[in-house]
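Visitor: As a plain string of letters, each chain reads:
There are 2 protein chains.
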Amino acid sequence: MSINNLERNYKKNTKHSNLLYQKSLKFFPGGISHNIRFFTPYPFCVKEATGKYLVDVDSNTYTDYWMGHWALILGHSPQNVSLALSKQVKNGTLYGTVNSLSIELAETIQRLMPKAEKLRFATTGSEATMYAVRLARAATRKKIVAKIIGGWHGFNSSLLESVNYPFEINEGLGLDVDNKYIKSIPFNDLDTSLQLLNNVKEELACIIVEPILGGAGCITPNNDYLQGLQEFSKKNNIIFILDEIVTGFRLSIHGAYKMFKLDPDLFTLGKIAGGGLPIGIVCGKNEILSLSNPNDKTNKNLICSIGGGTFSANPVTMTAGLKTLEFLQNNKKIVYSKINELGAYTRKELQKIFDENNADVKITGIGSLFNVHFLNNNVREINNATDVALADKEKLRKYHFALISKHKIFFLPSKMGAISYQHSKVDIDKLLNSTRSIIESKIL
Amino acid sequence: MSINNLERNYKKNTKHSNLLYQKSLKFFPGGISHNIRFFTPYPFCVKEATGKYLVDVDSNTYTDYWMGHWALILGHSPQNVSLALSKQVKNGTLYGTVNSLSIELAETIQRLMPKAEKLRFATTGSEATMYAVRLARAATRKKIVAKIIGGWHGFNSSLLESVNYPFEINEGLGLDVDNKYIKSIPFNDLDTSLQLLNNVKEELACIIVEPILGGAGCITPNNDYLQGLQEFSKKNNIIFILDEIVTGFRLSIHGAYKMFKLDPDLFTLGKIAGGGLPIGIVCGKNEILSLSNPNDKTNKNLICSIGGGTFSANPVTMTAGLKTLEFLQNNKKIVYSKINELGAYTRKELQKIFDENNADVKITGIGSLFNVHFLNNNVREINNATDVALADKEKLRKYHFALISKHKIFFLPSKMGAISYQHSKVDIDKLLNSTRSIIESKIL
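Order-wise, the sequence lines are chains F and Y. For what it's worth, my numbering labels the leading residue of the first sequence as 92, then goes sequentially. For what it's worth, my numbering labels the leading residue of the second sequence as 92, then goes sequentially.
Keep in mind that the hints were calculated from the coordinates and are not lab data. This structure is a prediction, so every number in the text was calculated from the model and none was measured. Be aware that a few hints might be false.
Stated by the list, open to error - Here are the simulated SDA-like cross-link-like pairs (lysine to any residue), alpha carbons at most 25 angstroms apart as the crow flies: (1) F:Lys-352 / F:Asn-328; (2) F:Lys-234 / Y:Leu-266; (3) Y:Lys-178 / F:Phe-418; (4) F:Lys-178 / Y:Val-146; (5) Y:Lys-388 / F:Asn-109; (6) Y:Lys-388 / F:Gln-113.
With the hints as constraints, model all of the structure from the sequences given.
Guide: Put into structure tokens, the structure is as follows:
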């Protein structure tokens with residue numbers, strides 16, 4: 092079967108999606124509300140989602156490994172969350188005031204992640220990382236921000252640089268204001284990173300890094316990479332920011348920082364912390380977060396002014412976050428051992444299947460996260476975003492599209508997959524068998 | 092009765108709130124998740140909200156004119172919205188994909204506001220205005236952004252300048268990167284504004300303006316002010332951005348731009364458009380929005396990369412927005428005539444009460460929005476944010492605190508009030524009588 096046949100098949104099965112996508116193009120540039128949500132020939136259009144399933148408008152049911160940008164660790168609309176939400180929505184969705192739920196959620200997070208000495212609730216991850224960087228600049232009175240090549244911290248102007256290959260070219264029009272204050276360093280190459288950092292250390296406010304490169308392809312850190320960056324930060328009074336928007340409550344209920352024995356000055360949370368509703372959180376050391384206290388100072392220019400926003404600490408997000416963390420806490424062992432074991436099984440068996448079929452593939456990942464990389468003559472290992480960009484991304488897109496169109500298994504093409512508590516070994520075995528069938532059909 | 096007595100009374104009635112606020116201080120700098128949500132001695136802590144009421148943890152019930160940062164035009168949890176939400180939360184809160192609800196909401200908005208030739212859904216107003224400015228810079232290849240002194244467009248780094256008095260001092264630490272590209276102009280002073288704009292017109296990307304200064308004190312535009320800015324923009328190929336996050340669907344179901352006969356190149360929506368759930372939208376001319384189409388170009392640096400974000404177009408927000416706009420459309424005359432008539436009545440009668448009691452006050456507002464300003468020797472009129480800042484803000488805070496503590500009427504102290512469809516003449520008469528009683532008690 093060829094990729095053309097798959098497209099024909101997809102189009103046959105998603106006629107209503109096609110019509111709606113054509114309509115979507117009339118309203119949205121590219122027909123989407125997030126750049127990565129488009130894939131060829133057109134993305135199917137979802138009408139509902141429960142458990143591990145996405146259902147499109149043609150009533151195709153997909154086993155979902157995209158899971159709401161990896162946010163839905165308990166699956167779509169888990170019962171304990173949706174029951175609480177269906178009550179909350181009758182009791183107010185937007186108080187616009189201090190409320191008891193936000194205090195409860197903060198207390199829960201702090202108990203699980205004591206390095207969250209203080210917190211600030213915002214509404215999105217893009218906001219949280221923007222505010223983290225602002226706090227770091229405020230604390231150090233310095234301007235330069237170091238980030239990882241391929242590191243993804245949202246669409247805010249402070250960090251939208253070196254995200255997509257070719258990394259040295261800027262990320263598009265309208266952005267050329269802030270970027271000279273961004274220094275990009277290569278993941279997993281500590282020597283080069285420290286050398287680059289050393290060149291700017293007098294002007295360096297912070298280093299921001301995801302513990303696992305998520306959007307860039309699910310890349311785990313080498314032995315001492317994160318520790319090396321942290322050590323450099325501590326030595327030079329630079330703020331060390333860990334972006335745990337993907338990893339927080341995913342790799343461990345106590346954060347990736349605990350797992351990797353790190354001591355970030357600031358860290359950001361999002362996704363799982365909001366239980367499927369919009370959230371972004373800046374957490375960290377009291378002395379840094381306290382710069383944002385609007386009540387401390389009489390001079391506005393001695394405060395670091397951060398959001399907040401209309402929707403910050405709204406009771407719907409707070410409820411979903413609380414119920415999700417409550418479930419994770421009460422079922423810690425069973426949830427994390429299940430999803431991590433399924434993750435390990437997936438990575439191991441996928442690698443085996445590709446190896447057995449002489450497909451030149453490297454599976455990356457950790458815990459419940461995984462991604463497939465098709466190697467080639469230039470790329471023999473996956474250590475950083477450049478490796479991922481120069482690997483055979485076209486083959487990866489074909490593989491994911493074959494999973495979608497023929498096997499009704501959804502990965503956002505090229506992006507890593509996340510296993511939720513709703514997935515079972517049966518689902519993984521279906522993924523494995525489908526993979527085998529795709530390789531054997533010579534589509535790739 | 093003195094303000095001290097009122098505080099004593101407030102503390103007596105909000106003991107549980109006090110305890111929770113002390114607890115909140117342990118987690119959040121200043122105990123809040125939005126700078127403006129604090130007021131002295133401490134803000135009460137909300138446990139639920141329905142209709143026109145906020146209920147605090149001590150079971151005090153307040154008639155709410157803050158209404159979720161003025162977002163809740165139908166009140167807290169109106170039945171048609173909450174019923175639809177309680178179904179939706181069982182059917183997925185975060186698809187992370189193209190979905191039919193987002194197409195429906197876009198279609199509804201475009202029908203009501205045809206100048207939304209294209210739209211991009213983001214998750215907050217701060218994101219929407221940041222992306223609007225980015226698009227303007229992309230379209231013009233220029234950098235400078237003009238905003239209004241006192242204009243409020245959220246906490247993003249692109250527009251956080253000249254927000255709080257003294258306006259010429261920057262808005263705090265960590266922000267000193269972008270600000271040299273912001274030019275601030277005085278609201279309602281067209282001559283001075285045009286002169287300042289003229290000085291930078293070669294480098295000017297856009298002018299962004301709220302039709303009504305909202306956060307700065309509910310100030311309406313003079314006759315030709317907005318038209319004058321627009322004319323200057325069109326003449327000089329500058330992007331004219333109208334920030335309708337507060338006014339869209341509030342002043343008119345067709346936007347303030349229709350009301351004021353304006354033709355913005357871009358405009359932003361939020362608040363009401365999300366029906367009480369997180370939203371921000373960039374709307375406007377096809378040719379500008381299309382710069383953000385990720386599928387058009389092969390070169391990433393020819394695209395204007397904007398969010399989106401994990402939560403953009405999420406089905407919960409889409410449902411709440413749709414149900415809210417549907418209700419507004421189906422009940423257009425009854426809703427807008429009710430809230431606008433109540434608004435006019437409030438402004439007229441409040442002014443009368445203050446005048447009769449020789450209180451030197453100016454009521455501002457339009458439609459369902461209003462605010463009170465206590466004048467003094469220096470400030471005889473309210474035309475811009477400087478007038479508001481130099482008026483007697485302390486008296487305004489006392490007035491609002493007296494309404495809260497003695498009369499259980501909630502305005503976020505010093506901020507404008509918004510009338511929702513849930514409010515009635517009985518509520519307004521209570522506000523009027525309470526105001527009379529406050530003046531007579533000589534608290535102010």
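Visitor: Next, verify each hint and record whether it holds.
Guide: So, going through the hints one by one against the coordinates:
no. : hint                  : verdict
1   : F:Lys-352 / F:Asn-328 : 19 angstroms, holds
2   : F:Lys-234 / Y:Leu-266 : 9 angstroms, holds
3   : Y:Lys-178 / F:Phe-418 : 22 angstroms, holds
4   : F:Lys-178 / Y:Val-146 : 16 angstroms, holds
5   : Y:Lys-388 / F:Asn-109 : 22 angstroms, holds
6   : Y:Lys-388 / F:Gln-113 : 19 angstroms, holds
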